[in-house]
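*Asks:* What follows is each chain in one-letter form.
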Amino acid sequence: SSSHSLEKQFEGFRTQLEESGSLRERIRAVVSEIESTTRLTYASLLLVHQSRPTPELLEKAKSQIDVLKKHYEQLAEILREFPGQYYRYHGDWRSETQTVVSLLTFMHWLETGSLLTHREAAEKLGMDSSEFGLDVEDYLIGVCFMSNELPRYVVNQVTAGDYDCPRRVLRFLTDLHAAFRMLNLRNDFLRKKFDGMKYDLRRVEEVYYDVKIRGLTPNGELVGDQAVQGQS
Amino acid sequence: SSSHSLEKQFEGFRTQLEESGSLRERIRAVVSEIESTTRLTYASLLLVHQSRPTPELLEKAKSQIDVLKKHYEQLAEILREFPGQYYRYHGDWRSETQTVVSLLTFMHWLETGSLLTHREAAEKLGMDSSEFGLDVEDYLIGVCFMSNELPRYVVNQVTAGDYDCPRRVLRFLTDLHAAFRMLNLRNDFLRKKFDGMKYDLRRVEEVYYDVKIRGLTPNGELVGDQAVQGQS
Amino acid sequence: SSSHSLEKQFEGFRTQLEESGSLRERIRAVVSEIESTTRLTYASLLLVHQSRPTPELLEKAKSQIDVLKKHYEQLAEILREFPGQYYRYHGDWRSETQTVVSLLTFMHWLETGSLLTHREAAEKLGMDSSEFGLDVEDYLIGVCFMSNELPRYVVNQVTAGDYDCPRRVLRFLTDLHAAFRMLNLRNDFLRKKFDGMKYDLRRVEEVYYDVKIRGLTPNGELVGDQAVQGQS
Amino acid sequence: SSSHSLEKQFEGFRTQLEESGSLRERIRAVVSEIESTTRLTYASLLLVHQSRPTPELLEKAKSQIDVLKKHYEQLAEILREFPGQYYRYHGDWRSETQTVVSLLTFMHWLETGSLLTHREAAEKLGMDSSEFGLDVEDYLIGVCFMSNELPRYVVNQVTAGDYDCPRRVLRFLTDLHAAFRMLNLRNDFLRKKFDGMKYDLRRVEEVYYDVKIRGLTPNGELVGDQAVQGQS
Amino acid sequence: SSSHSLEKQFEGFRTQLEESGSLRERIRAVVSEIESTTRLTYASLLLVHQSRPTPELLEKAKSQIDVLKKHYEQLAEILREFPGQYYRYHGDWRSETQTVVSLLTFMHWLETGSLLTHREAAEKLGMDSSEFGLDVEDYLIGVCFMSNELPRYVVNQVTAGDYDCPRRVLRFLTDLHAAFRMLNLRNDFLRKKFDGMKYDLRRVEEVYYDVKIRGLTPNGELVGDQAVQGQS
Amino acid sequence: SSSHSLEKQFEGFRTQLEESGSLRERIRAVVSEIESTTRLTYASLLLVHQSRPTPELLEKAKSQIDVLKKHYEQLAEILREFPGQYYRYHGDWRSETQTVVSLLTFMHWLETGSLLTHREAAEKLGMDSSEFGLDVEDYLIGVCFMSNELPRYVVNQVTAGDYDCPRRVLRFLTDLHAAFRMLNLRNDFLRKKFDGMKYDLRRVEEVYYDVKIRGLTPNGELVGDQAVQGQS
Amino acid sequence: NPSKRARTMVTESAMRDAFAKYAEYLNALNEKRERVVKASRDVTMNSKKVIFQVHRMSKYNKEEIIEQAEKDLTAVTDQYMSRLVKELQGTDFWKLRRAYSPGVQEYVEAATFCNFCKTGTLLKLDEINATLLPLSDPSLEPLKINILDYLLGLADLTGELMRLAIGRISDGELDFAENICRFVRDIYRELTLVVPHMDDSSDMKQKMDTMLQSVMKIENACFSVHVRGSEYIPLLGSNDPSSFLVGVPDIEL
Amino acid sequence: NPSKRARTMVTESAMRDAFAKYAEYLNALNEKRERVVKASRDVTMNSKKVIFQVHRMSKYNKEEIIEQAEKDLTAVTDQYMSRLVKELQGTDFWKLRRAYSPGVQEYVEAATFCNFCKTGTLLKLDEINATLLPLSDPSLEPLKINILDYLLGLADLTGELMRLAIGRISDGELDFAENICRFVRDIYRELTLVVPHMDDSSDMKQKMDTMLQSVMKIENACFSVHVRGSEYIPLLGSNDPSSFLVGVPDIEL
Ligand SMILES: [Mn+2]
Ligand SMILES: [Mn+2]
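Here the protein sequences come in this chain order: S, R, A, Z, L, E, X and F.
FYI, my numbering numbers position 89 of the first sequence as 89, with every residue one higher than the one before it.
My numbering runs 1000 ahead of the 1-based position in the second sequence.
My numbering runs 2000 ahead of the 1-based position in the third sequence.
My numbering runs 3000 ahead of the 1-based position in the fourth sequence.
My numbering runs 4000 ahead of the 1-based position in the fifth sequence.
My numbering runs 5000 ahead of the 1-based position in the sixth sequence.
My numbering runs 6000 ahead of the 1-based position in the seventh sequence.
My numbering runs 7000 ahead of the 1-based position in the eighth sequence.
Worth double-checking, as some hints may not be accurate.
As the list claims (entries may be wrong) - Here are the simulated lysine-lysine pairs, DSSO-like style, with alpha carbons at most 27 Å apart: (1) R:K1008 to S:K192; (2) S:K198 to R:K1193; (3) X:K6144 to A:K2192; (4) E:K5192 to F:K7038; (5) E:K5192 to X:K6207.
These aren't lab readings, by the way, just hints derived from the structure by calculation.
Using the sequences and the accompanying hints, generate a full structural model.
*Replies:* Okay, structure coming up:
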């Protein structure tokens, strides 16, 4: 009967949805591990605001990256069983991955002063295969999150006596902001985050201004004054 | 019969409702172009905060104004088919136009140090006909937006060594603020934006204070107490 | 000087803003009169639900239409001073006008048994010029409001012994509903109002069958079209 | 000294602020009693919907009115200590008093078929002094609440065989509704409640229709067409 | 008849509701005058930030106080017709009165260097009767608003060469802050405003130290209490 | 050091909270089973609205109760390990248990026409020990949910030709409502649900009215007409 | 320090190169999404028209109306769904789901609505997907409407069925209304079991509430006709309660 | 049918009996809850006063102020917490938690605030619970503040510490402010690790945001003093940046 065939179709739906549900549970278990590792790493990295010696902190944090990478490999493995469904479950690890990216890029910046690229980030996480890649938007959002850390970092570094820090951060952030402007962003989450970067930039400019107007220089001498005048 | 004439009347309604719907879609397409042009132009103009040479930046930005003007002419053309309906669809381009005004007035201020008038702004956009004009409130809100850029500009100019900038901006902003105070604003969006201008003014005063108390002068020499007293 | 020309320009803005403010106040004063006239007229017209003699009620109500017309002429006059701004202030009289339309169409139906057309309604209100017209959606919403009165009217008429009323209303409402179905409505206020009309239709049918099944006819005989014509 | 006189002044402010806080607590305690008494009284009165003998129910309910009156006297006493501050704390007992009014007016209507006046209601609650009166809007809102009970009452009375009830209620509600329409209500809570009264009226009309069309009369006999016509 | 007495009662209600409505309109008309006078007075008083000569500005502002007083007398007069209803309409003039208080206390401080007391403020506004008084919380909030002006005032005075100003303001604000700390504030609007005062205090201290550390004194010598007295 | 002892304390917190978290996970797993069993049972029981033969439906549903009981025993077992913490985790099974109660009481009512008591419900679920009991409020909320099913049930039963159903349900619901009124409810969720029961009652009264006024009786005869008259 | 400066410039230009790639990627994605959204919007608009067409049904013109609606639906499939299919081909269907989901849901609503009016049964997901198959390039993976969009479409379908039922009762087609009632109840019941397993069930839960309201509106309408009809049986002397409504000669109107 | 009627009456009266029991249970519970809420409200109000008292601190009266605050806190413990403990004794502490949680949180805030000002360290949960132990009847299980309420109280503490820090900087007590900064950072960091494990972390998450704002407000204030101070080193010829603020002779004011 009609009612019976209805029942049968829905029976099938239920089976499929339950399968998808249990897949999701497996994903979530891994994601929760990622989240917890990230949190721990972030917590110890945040000691940079207290001006603890950075290399040590970075060393400790780096050791966690491999743990993260292993988790992402587990994720990749799970999804390999369901080809073409990466984006069906993407929402389950998006936000955690964005935080991971912000962590990685912040660490990289502390070490090198430059921006970790998408490819490099993906490699570090083992997300560089075509089936299980690092979503570009997630990478970019993570970079925005990283930018949010910088004003606080600058403020605390100056308090700790590093008067050259604002200049370095301002240059980096200005370049980063300019690079972002090359992107044609839709009216979405990434756009909103990028709009927020403007405030980071403004805050760093203010800190730089505070240091500059008081003539505070890295070595107690008028370093680079001519350069500044040359630029104006 | 009655039922037939009813039908005929509603046939007419159907046509009208569908026309209005498609008109709105055409408007939105143009407005989205305006939004995108404005965003790009603004992005390049904002390089003034990084002390890039202003004349070049202005040159580049100005070339975009004509693009904007063309878009507004398209809007005007569309609305010419529907006389008297400017304000029916006004809400669809308001907020974009306010940003355009803030762009134009900022550019003009950078070039001349004075406020682009409503008439001038309207002319630049080809919104100076009686059917398709530049709404006064939109103009005023745009001017408020422009004022929001000034504190940042001053901070960055001082950092770059232009110690006369605060004085110039303070004078302009003081006059602008006083002019706005003449208006009897209702408790609406414009009023809220104007209330915000107070904070811009305050910030510029602070920067002027910073420069003044340190005796920093346009010529890079320390001005003594007498100079300060001389002005008071 | 620059500061002086600024002042002069803002002097102009003040004038314009105050004009617009006082215009709005003038509009509101008139609209408030319209609202109050409509409320009183409706209140007395609604005595038809208490089976007061219809011709007298209509007579009294009609005399108010001219008052309303005068008010709309005042509105038109006010707006004539501001050509092209009809839709700028449209929101200030929309909802009141919808009620007026429902009043007019109800009266017209009581008198003639047919739907007052958009053009007729506009004429009665003096809203038939191209600068100051009756918005089609307002008209349609008003018609929906009118339809809401019909079930109540039918119930009370039958209670008072008019057993032919359900038939007449049912025919009218069926045609009206069919006409509305021709429109491809968006999911907005009008659509919602139209959905409600279906319930009016159903209630009137129920009453029609109640009467029918009991063989309650005005004269115990089948009344043909002529009766309706006799009523008009 | 200046600093000392400042201190003394603020000492006084502290006392005043604390007094006002404790006053509010006292008021709330009494209001909570009023709320609870009202709820219980209402609950037993609502047995009229189950066709319990009305006089007994009324007797029981009336005995609670004196309890309420005592509570209002407590309120009055508390406020007597703070002359002129009735409306400062009015919001704390408004909504409870509206329910009390709806209780009183319903009881009165059940007993007499007429509306308890504002003065009578105030007297019953001891709110008839000039310092501690019954706010007119609260009274009117209470009356609207009472009207909401009537459709249910009519339905249940008819079910229980009282076929005359709809006629009586309809007459009362029609008069009440007409009286309310005389008021020029602002767009506030009272207006909204009054708008709801229309639905009560409509429902009672429907029940009256049901009874009428079936020829159900108070005396259990079928009334023919002539009776219906006789009334019209 | 019952219906007639109903009508008569509601006739009375109509009168009362309309009275209350028109009372509110009358209040609002006066309050709008207060608002506009205050705004203009404030606008001209705020020229002290541009270092215009204070005595002149005060003279001009004072002349407006009498205008304000007259408006408050109008309010009092209106409310005298409705004894005990002060707090019924209090919300309609609260926020404007807080601004008025901040204006008065700022002017008084500019003239005398001390805080205008609640009683004095009330007297200046003719709000010193028991029926029409100045609410204590409104006074306190007004004082907080006044404190918000002081940092800006100090910054601009120093810019203009008045190096003694920070010391005077700091002493005043320190005392005021201490006095406020005596109050046990609830977590409401006033508490929030008071929290803001701490930032005003800090900013003024910073300016004080800026001036101090540079040895900027009016005459190059330490100025004692007598100077302050000299100013008053 | 101080920072170290801080760390140690928080280390301890984390361990405890993680334990609690894993306990919660175990609870949730069981609750999810309960939820799924309940849903299935409910879905099949809802066929009573389609007038399938009730005894069969009840039989099928009853067989699920034992499954539910087993799940509750699992819950009890888990919590036995954590004495005194029943109410810490109560929120995790509240809402599901309320639905279970509504299911049980609905089934019981269908079978016996009477209300399953708290004790009986607890027994059926094995929640009758002192450590792991059925919360009284959960029971009462469940009963309210059950009441929400009744209007729909009555409507569908009448459509299926059972004209006595409204009378039976009305009597039950009236008694239930009266019993609830004995409770002194706080302003919480239960109170809100109970307030909703009023609407169920009203709806059933309306259905009873609809059937009664049309003289529809269980056996096609005028059963109990005299009783109704006797009551009036 | 020129070398430092140089290094920074290198860094900066490396960043710009990287971002140029991101920009390219995002532009391509956004443009595709934009096209898909537009296609989806067209599908929505035209599916709504099909639904409106079905609502124009009366007792007398049922066949014509449904026939026309089916033609319209076929046109939607051929003109608009095919465009959507083309835009999506070869792409990850899940990635752009949010861009086309509204259109697909409305299409499901229209297709199942037509089908129910014609056959009284539920058009299955597989059947819909079968009609879409010919639209896509055989070399690529075809677009399959996923379960979620299908179920979301069904949820909206019940609202339209409710409107239809009220209309049918007005037309005296009691049996039709009762069929709808049964059908909607079945769907509602089945959905209660499936919904908790759906990926993102939050908006679906709200739709379930609306759906229950719709079911009850139909039930109340059927109830109302039933008690009314029963009252007249003694008056009419008929035994078939449904006959009374149909029996009223409509020509009179 | 008299037997049927009788049966119904039995049912009805059985129902009433059952509900009489529920009513009794609910009344007892509600009254207890009401008393606990009142006790908790008193604890809140008086704890707030303790906190306000601490804020009255200046550089010169610190010892007195803290001593007075501690006395006030002891009074809160003895008069109000003890009432709460008495109301709760023997009860399931978790069941009524929502009734007393606000009071307990504010108490934790006050106690840890006093303690920090006195010792510069965090008063531990065990220590607080130890002070509560003597308040309860030894034969009954004593009230222990649970971890959740303790953590929620700590979260609010940071807001008060921020206010205190701004005040201390004003008073020239830079070291004090820096201590606060360090302490608040530590707490914030530890909480980030603990919060995700909390039972109901939704409101705590919001508190974490507020807390980060507080941390940054303190950091910004310290920054501001620092750059200002550094500027004057050449002017003053001093080497200790913190000395400049403290060094300004306050008597002048
Ligand atoms: Mn739809
Ligand atoms: Mn606090």
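*Asks:* Quick one: which hint numbers does this structure break? Sort them smallest to largest.
*Replies:* Violated hints: 1, 3; rest satisfied.
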